[in-house]
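K.L.:
Line by line, the protein sequences give chains A and B.
Residue numbers for the first sequence follow the working numbering, beginning at 1 and rising by one.
Residue numbers for the second sequence follow the working numbering, beginning at 1 and rising by one.
All clues given are correct.
Here are the computed lysine to aspartate or glutamate pairs in the EDC-like style, where the Cα-Cα straight-line distance is at most 16 Å:
no.: 1; chain 1: A; residue 1: K283; chain 2: A; residue 2: D294
no.: 2; chain 1: A; residue 1: K12; chain 2: B; residue 2: E97
no.: 3; chain 1: B; residue 1: K12; chain 2: A; residue 2: E121
The hints are simulated quantities; they were obtained by calculation from the structure and are not laboratory data.
From a predicted model like this one, the values you see are computed outputs, not experimental measurements.
Protein chains: 2
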Amino acid sequence: MNELELIQLLTKNLPTNNSVVTGTGDDCAVLDLGIPDRFLLFKTDAIVEGTHFTRDAAPERIGRKALARNLSDIAAMAGQPTAALVTIALPRGFDPEFVQGIYAGLNALATQHGVAIVGGETTTNPERILISIALLGTVAKDRCIRRHGSRPGDAIFVSGTLGGSIDGWHFDFEPRLAEARWLAEHFTPTSMIDVSDGLASDIRHLLEHDHLGAELLKSAIPISRTAKLKAKEESSAKPPLLAALTDGEDFELLFTVPSKLAVKLLDGWKETFPQVPLACIGKVTDKPGVKLRDKDGYKPMPTHGYVHFA
Amino acid sequence: MNELELIQLLTKNLPTNNSVVTGTGDDCAVLDLGIPDRFLLFKTDAIVEGTHFTRDAAPERIGRKALARNLSDIAAMAGQPTAALVTIALPRGFDPEFVQGIYAGLNALATQHGVAIVGGETTTNPERILISIALLGTVAKDRCIRRHGSRPGDAIFVSGTLGGSIDGWHFDFEPRLAEARWLAEHFTPTSMIDVSDGLASDIRHLLEHDHLGAELLKSAIPISRTAKLKAKEESSAKPPLLAALTDGEDFELLFTVPSKLAVKLLDGWKETFPQVPLACIGKVTDKPGVKLRDKDGYKPMPTHGYVHFA
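In isolation and in its complexed conformation, chain A is listed as follows:
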């Protein structure tokens, strides 16, 4: 049983109540607790030594990553992050300076985005460090962008460039919070997700609720310099396109807008976020399945990105 199958099993028949707008199945849980005109966003994410980082990474980068992943999920719903609780599970012989480094990286990113760190706990995990962060945010009810909602014909966009994140980007990415809020304010995307498992997987997560598919233009997929360099320099590296589609941990925004807004969006984005590439990579189709088009015709999309829990 893999992670997806287990999650599907566990998320059947979860207890609910009338505060729940969206439980599982989107980037964050969405709650209506009576804040006038706003939903509460609620998310947890954990990183584990050996899977998401190794101990030879600077502790500041580890702490930053733990929070940045959660911030990326708030971004994917166009929210504003508010407050976080930090759980650090540590081996007994922990080095207090290492823990302080984790907090330093985390606090710096929190400060940058106006997030309060309101507590948490330290506990013991004898063999490895595990950091779990719980994050709250809010979003205007009429600007909350979900994974579902796209329509056939919508243009598909992705920010940044993809692939090769293991070389450092998985630590250093900037959660696209400002970009997402700008999008929600000016273009109201019909759907949005952050690319954490890889474009090949996450585009399916974006479309599967509405039983839709996509045609992507192979030449339009934005491949990172790192993925291209790796392919040149390492004989065992993935071809750059495959890396862009399946490496994961890109933490870019993948979203859809009505196609008539595509040009206006590209112009507005370039003006507002000149440092962040934005690519129109294809369109939503009414038939399920994702196809990749090049000059020779359609090719099947690799079926999986990075599958956690392997």
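Chain A is fixed; fit chain B onto it per the hints.
P.N.:
Frame of chain A; chain B shown alone:
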């Protein structure tokens, strides 16, 4: 460096913002996010295989405990729990039935208290199971009971009986949510905490903010049947009073009320919660330090309860 020293170090200069009413230092973080007349309560708590449970315990009890500990913290502030996210970190060769058992125990307790389980994640922790739960609740602004606020002369109460929780109570305790809300509504305790580290420790957590102390009556400390039995049957067991003061994981309410309300409170409680003992164990003093009184005079309180992270 022990857990307390590390936490003191880490909680200096945490990032904050104007939504924060109380960050660290109480049973939950308290946030004002604009819900009319109510605060948001935010808490995380993790349990780790080998520290808080072993794998020979029924998974239903493990899952129940993970949520119940968090509920007890919401109770300690007289709140109403709303929604939880569940993080389960598992060895790779996990048994899906075991995980389903964890969820079954957790879901049953959530349902009992009207809590929605709105998602979470599974991730890999190769050597042991770790469950971290993030819980939200709300509380009326004028009924939120803190750790600080007690005054010299206040009567000190504790619910239930204490000691010997390792024999089963640490799994089976009932979070005192209804009791705490009833208290806040009818008697507005001046301060409250849940007994998780042991009475000897937690009474200090209750009083230290206000630089106060306490005189406790030795004969009034409610000792559990389990602690008494253990002392009789096992030669290496703690004396029952010491067990009641230092075992921890009792998850009872420890609170203070103005002494003139003490009798009325005892009567009202007995009528409303006839199954749950309530004991008046002493009074708040203006001098820091906790003393234990018996017929021969004052004795010093054991200085420590159970210290996590040993």
